[in-house]
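Below, each chain spelled out in residue letters.
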Amino acid sequence: MAKPAARIAVLQFGFAVAVVAVLGRAAQVQIIQRERWAGEAERQRTVRAVLPARRGAIYDRNGVPLAITQEFYHVGVAPNELEDIRTGFVLLVRSLGVSAPALDREFQARKRWIYHHGPFNATQVQPLRGVKGIHLDGDFRRFYPSRDLARPIIGGIDPDRSSGAAGLELSLDSILTGRPGEAVFLKDRAGRRYDSPSRVVREPVAGNDVVLTLDAELQEIAEQGLDDALGQLKAEGGDVVFLDPATGELLALASRQTAPGERPRASTFTDPFEPGSTAKLFTAAALLTHRRVDSTDAVFAENGHWEMPVNSAGRTRAIHDAHASKGKLTLAQAVRVSSNIAMAKFASRLKPEEQFEVLRDFGFGTPTAAEFPSESRGRLARPDRWQPMYTRTSMAMGYEIGVTPVQLAAAYAAIANGGVLLAPTLVKEVRDPAGTLLYRHRPEPVRRVISSEVAARLREFLREAVGEGGTGGRGQLSNYALLGKTGTAKRFAGGRYVEGEYTASFAALFPADHPQLAVIVKIDNPKGSYYGGLTAAPVTRTMLQQALASRRVAIDRGRFAARDSTPEEEPKSISAPAGKPAVVIPWPTRLDQPSVSPLPVPSVAGRTVREAALALHRRGFRVSLQGIGRVVRTQPEAGESARPGTSVVVYAE
Amino acid sequence: MRLKGRHWMVIWLLIFLCVLVAITTRQTAGFRTARRVRELREERLALEARRADLERRIRVASSRQVLVPVAERLLGLHEPSDSEFVLFVLPASGPGKR
Numbered sequence: 001m002a003k004p005a006a007r008i009a010v011l012q013f014g015f016a017v018a019v020v021a022v023l024g025r026a027a028q029v030q031i032i033q034r035e036r037w038a039g040e041a042e043r044q045r046t047v048r049a050v051l052p053a054r055r056g057a058i059y060d061r062n063g064v065p066l067a068i069t070q071e072f073y074h075v076g077v078a079p080n081e082l083e084d085i086r087t088g089f090v091l092l093v094r095s096l097g098v099s100a101p102a103l104d105r106e107f108q109a110r111k112r113w114i115y116h117h118g119p120f121n122a123t124q125v126q127p128l129r130g131v132k133g134i135h136l137d138g139d140f141r142r143f144y145p146s147r148d149l150a151r152p153i154i155g156g157i158d159p160d161r162s163s164g165a166a167g168l169e170l171s172l173d174s175i176l177t178g179r180p181g182e183a184v185f186l187k188d189r190a191g192r193r194y195d196s197p198s199r200v201v202r203e204p205v206a207g208n209d210v211v212l213t214l215d216a217e218l219q220e221i222a223e224q225g226l227d228d229a230l231g232q233l234k235a236e237g238g239d240v241v242f243l244d245p246a247t248g249e250l251l252a253l254a255s256r257q258t259a260p261g262e263r264p265r266a267s268t269f270t271d272p273f274e275p276g277s278t279a280k281l282f283t284a285a286a287l288l289t290h291r292r293v294d295s296t297d298a299v300f301a302e303n304g305h306w307e308m309p310v311n312s313a314g315r316t317r318a319i320h321d322a323h324a325s326k327g328k329l330t331l332a333q334a335v336r337v338s339s340n341i342a343m344a345k346f347a348s349r350l351k352p353e354e355q356f357e358v359l360r361d362f363g364f365g366t367p368t369a370a371e372f373p374s375e376s377r378g379r380l381a382r383p384d385r386w387q388p389m390y391t392r393t394s395m396a397m398g399y400e401i402g403v404t405p406v407q408l409a410a411a412y413a414a415i416a417n418g419g420v421l422l423a424p425t426l427v428k429e430v431r432d433p434a435g436t437l438l439y440r441h442r443p444e445p446v447r448r449v450i451s452s453e454v455a456a457r458l459r460e461f462l463r464e465a466v467g468e469g470g471t472g473g474r475g476q477l478s479n480y481a482l483l484g485k486t487g488t489a490k491r492f493a494g495g496r497y498v499e500g501e502y503t504a505s506f507a508a509l510f511p512a513d514h515p516q517l518a519v520i521v522k523i524d525n526p527k528g529s530y531y532g533g534l535t536a537a538p539v540t541r542t543m544l545q546q547a548l549a550s551r552r553v554a555i556d557r558g559r560f561a562a563r564d565s566t567p568e569e570e571p572k573s574i575s576a577p578a579g580k581p582a583v584v585i586p587w588p589t590r591l592d593q594p595s596v597s598p599l600p601v602p603s604v605a606g607r608t609v610r611e612a613a614l615a616l617h618r619r620g621f622r623v624s625l626q627g628i629g630r631v632v633r634t635q636p637e638a639g640e641s642a643r644p645g646t647s648v649v650v651y652a653e
Numbered sequence: 654m655r656l657k658g659r660h661w662m663v664i665w666l667l668i669f670l671c672v673l674v675a676i677t678t679r680q681t682a683g684f685r686t687a688r689r690v691r692e693l694r695e696e697r698l699a700l701e702a703r704r705a706d707l708e709r710r711i712r713v714a715s716s717r718q719v720l721v722p723v724a725e726r727l728l729g730l731h732e733p734s735d736s737e738f739v740l741f742v743l744p745a746s747g748p749g750k751r
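Protein chains in written order, with our numbering: chain A, 1 to 653; chain B, 654 to 751.
None of these hints come from the bench; they were simulated from the model.
Every value quoted in this text rests on a predicted model; they were computed, and no experiment measured them.
It is possible that part of the hints are untrue.
Under the rule of at most 20 Å between Cα atoms (straight-line distance), these lysine to aspartate or glutamate pairs were calculated in the EDC-like manner [claimed, not checked]:
#1 Lys132(A) x Glu692(B)
#2 Lys132(A) x Glu696(B)
#3 Lys187(A) x Glu692(B)
#4 Lys326(A) x Asp297(A)
#5 Lys490(A) x Asp384(A)
#6 Lys328(A) x Asp297(A)
#7 Lys132(A) x Glu695(B)
#8 Lys527(A) x Glu501(A)
#9 Lys527(A) x Glu236(A)
#10 Lys187(A) x Glu40(A)
#11 Lys490(A) x Asp271(A)
#12 Lys351(A) x Asp297(A)
Between the sequences and the hints, there should be enough to build the whole structure, so can you do that?
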């Protein structure tokens, strides 16, 4: 047996070896394999989770929420975890409003997990929080507080991807979508999660809020008015547009489709229609702009029926007037009584390119570029595809051209605006989650379509069209005058015009002096009285009366002129120098100012006429097209100096 | 007095226990704070949901669709035509004006 000292030395050596081994292993684990074991520990004790970001809200122009995101919950119950099954049962029934017998059956079936998808809002699940055995699964959901108000315009969300699926929810998706965050939760061996103060790795950033130009009150008036009208007229559908002509802001857009099987859609943007007589004003604009008619020119109205000669072989085309006129009609009278025959005769003084150019300048045949997705461009055929002797006449009467209600409203707004076409818009402001302004809409002039003198003449035509003897008299209010034009067009379906089916419309500017609203009302296939003057015009009047009576609709009533107040200044002759436009905007009204210095005409040879027109418009020039296709040359030539506002002739082949 | 080995052991043990208590207390306080933050957040969500619901109900109740028929039926009112109301233009205010 060894001596005690030797035994102690052996034990000490053994102990030292053990300590060194432990320290060595600790060094290996803590220093050499540190990352591996740290990761392993983190995986065992923590769980990473994505924190969803709240989607931005959509408001109307007065702050009324139209689409908001709220946290909703799904509820899971583990009966064997409940401390008191009876209390849990009562709590679930009272809080969630689920059927007591149904829940009882689930409890009786001794299910290990009872799931109620809901979704339940935070108020409903509040009493259930912290109850052992009841598990809440939170999720953001889109909520539309104003129910169906402007729903085809606002659109919806794809529930699987939480992103926009239609309407403004789709087109503004990148603005509304936030940036998700990330968090780390502590968990125990049973997988239970624990909150930790330092759990958030990256805070979620909510999406931006969007303030629309829509006015919820006016939208309600428009939708209700359209519903009432469709019910009374037994029509298949209709559209209403309210637009602020001074800014291009769309204030209300109502669409209805009543035919069986049709789903609600924003037909104000997507469905072009033949406008009929509401488009006569644009042919009148072309005639005045190209000085093919003066105030004394008159044509014989053929007593309401005309066999228009089509070719030298004696072929004719029958044109009728709904309101037969005897004798001769001036252009103003032709618009007032909506004479197809007179307009067809006047239009024959225009070259197809001239007629096309003015229609194109008013924005027909191209999307308005409002923020709505899948907007239709309408239909406007190039002049080289027109049928000789047919299309020009048809277009003068509002046929063979397809316009959307929004395009028509924007075009009428240009007439209210002194001839400047503004881009219509649906977005007024964008704000970040803290409320900081990121974007505010400013009026965006597209181009000057007609001179301010021609616009003033057209407004006078509209004044007469709703005056005594005009077709739109039923749209007129008692005390506050409006300007307007009716339209009634045969409906085109299945490749032909359907006998007895019509599209009735009314385009109005309100009030008559310094208009604040451009209104389009369109009724599809009304039964009984189908003329625009008998259907769409009274609907417009009712809506305007309601808008006037409502304190919440933003109309500047202080600017109203009573109907018997001083009328607008008499328009000067169209050859007179341009006057001050009705709206002050940086472009292109400055083109009328003589102080603007000349600019070189840009070289646009080889480009398409569209690109050339865009480039010239951006420099402030007016564009006159000669031909379609690629640009060959311009007059003035590229590089020559010309004042902004000068008409540049673009020759294309 | 010279500290012996057992004293050192006790001192180290006490230091270890103090550190342990400090860590546990801090972690407990952290968990409690996190739970309180979560509860407050849930309370805020519940209140927001309640407010949104009330706002929606107020909006529906005060909408034209609900209000106009009620006013017509119970009070005998009707939508005014433009000849039935008068707009008063307020005098401009500002320097030099009354």
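Checked hints:
1. For a cut-off of 20 Å, the pair hint linking Lys132(A) to Glu692(B) stands: about 15 Å separates their Cα positions.
2. Restraint check for Lys132(A) and Glu696(B): satisfied, since their Cα atoms lie roughly 18 Å apart, inside the 20 Å limit.
3. Between Lys187(A) and Glu692(B) the CA atoms are separated by roughly 19 Å; this keeps the pair inside 20 Å, and the hint holds.
4. Between Lys326(A) and Asp297(A) the CA atoms are separated by roughly 16 Å; this keeps the pair inside 20 Å, and the hint holds.
5. A distance of roughly 25 Å separates the Cα atoms of Lys490(A) and Asp384(A); the hinted pair therefore is violated under the 20 Å criterion.
6. Using a Cα cut-off of 20 Å, the hinted pair Lys328(A) and Asp297(A) holds, with the two alpha carbons roughly 9 Å apart.
7. The straight-line distance between the Cα atoms of Lys132(A) and Glu695(B) is roughly 17 Å, inside the 20 Å bound, and the hint therefore holds.
8. Taking the CA atoms of Lys527(A) and Glu501(A), the gap is about 8 Å. The hint holds against a cut of 20 Å.
9. Of the pairs offered as hints, the one joining Lys527(A) and Glu236(A) holds, with about 9 Å between alpha carbons and a cut-off of 20 Å not exceeded.
10. Distance check on the hinted pair: Lys187(A) and Glu40(A) sit about 14 Å apart at the alpha-carbon level, within 20 Å; holds.
11. At most 20 Å may separate the alpha-carbon atoms for a hinted pair to count; Lys490(A) and Asp271(A) meet this at roughly 16 Å.
12. With a C-alpha separation of about 18 Å, the suggested pairing of Lys351(A) with Asp297(A) holds against the 20 Å cut-off.
When the structure is compared with the earlier hints, a violation turns up for hint 5 alone.
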